[in-house]
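Model the full assembly from the supplied sequences, consistent with the hints where possible.
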Amino acid sequence: MTAQHRIAKHADLPEIVAIYNATIPSRMVTADTEPVSVESREKWFSEHRPDSRPVWVCEQQHRITAWLSFSSFYGRPAYSRTTEIGLYVHPDCRRAGLGRYLLETAIEHAPTIGVDTLLGFIFGHNEPSLQLFEDCGFQRWGHLPRVATLDGIERDLLILGRRT
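Heads up: the sequence shown is residues 156 to 319, going by the numbering used here.
Hints may be right or wrong, so weigh each one.
[What the hints assert, rightly or not] Straight-line C-alpha distance at most 16 angstroms; calculated EDC-like pairs for lysine to aspartate or glutamate:
id : residue 1 : residue 2
1  : Lys164    : Asp206
2  : Lys164    : Glu189
3  : Lys164    : Glu197
4  : Lys198    : Asp247
5  : Lys164    : Glu239
No wet-lab data here; the hints were simulated from the structure.
Printed below as a string of structure tokens:
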């Protein structure tokens with residue numbers, strides 16, 4: 156598969172949200188427990204800028220299949236060279252290399268937008284994502300034990316980091 160990406164447009168937001176919402180039932184990817192609305196993600200989307208905090212989408216046959224976001228970390232100026240990576244793949248397109256493509260491309264792109272530290276916040280039981288990030292050179296920088304409760308089960312959150 157040859158993957159390509161582009162900067163997300165506002166018109167893509169419903170598909171971005173749909174992919175995000177598709178991850179909620181698995182209880183492996185997000186701490187949201189109910190679907191989010193497009194309206195609730197408007198502010199998040201508007202905070203992303205193509206030249207500094209882009210949102211990218213992969214598209215095949217006029218359908219968004221995956222997306223990646225560079226989000227500001229902690230909202231303080233001293234952290235401006237650090238971003239959190241959000242990476243989501245449509246359920247029908249997982250294990251096809253889209254996540255790896257987007258993550259590897261993000262690592263290469265980060266210095267061009269003034270980013271030298273990438274972070275991923277991943278549940279400890281999300282082995283596929285942990286493996287992907289570690290395969291791409293991320294290391295475990297933090298462990299927050301039992302900080303999330305999903306369906307009555309306490310879950311760990313791992314912080315993975317990588318310098319570019």
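**OP:** Given the hint that Lys164 pairs with Glu197, test it: the Cα-Cα distance must not exceed 16 angstroms.
**Re:** Roughly 12 angstroms separates the two Cα atoms, so the pair holds.
Subject >> Holds or violated: Lys164 to Asp206, with C-alpha atoms at most 16 angstroms apart >> reply: Roughly 14 angstroms separates the two Cα atoms, so the pair holds.
Original post:
Does the alpha-carbon distance linking Lys164 and Glu189 stay inside the 16 angstroms limit?
Top reply: violated, 25 angstroms
**OP:** For the pair supplied as a hint, Lys198 and Asp247, confirm whether the alpha-carbon distance does not exceed 16 angstroms.
**Re:** Violated, at roughly 28 angstroms.
**OP:** Verify the proposed pairing of Lys164 with Glu239, using a straight-line Cα cut of 16 angstroms.
**Re:** Given pair Lys164, Glu239 is violated - Cα atoms ~20 angstroms apart, limit 16 angstroms.
Of the numbered hints stated above, those contradicted by the structure are hints 2, 4, 5, listed in ascending order.
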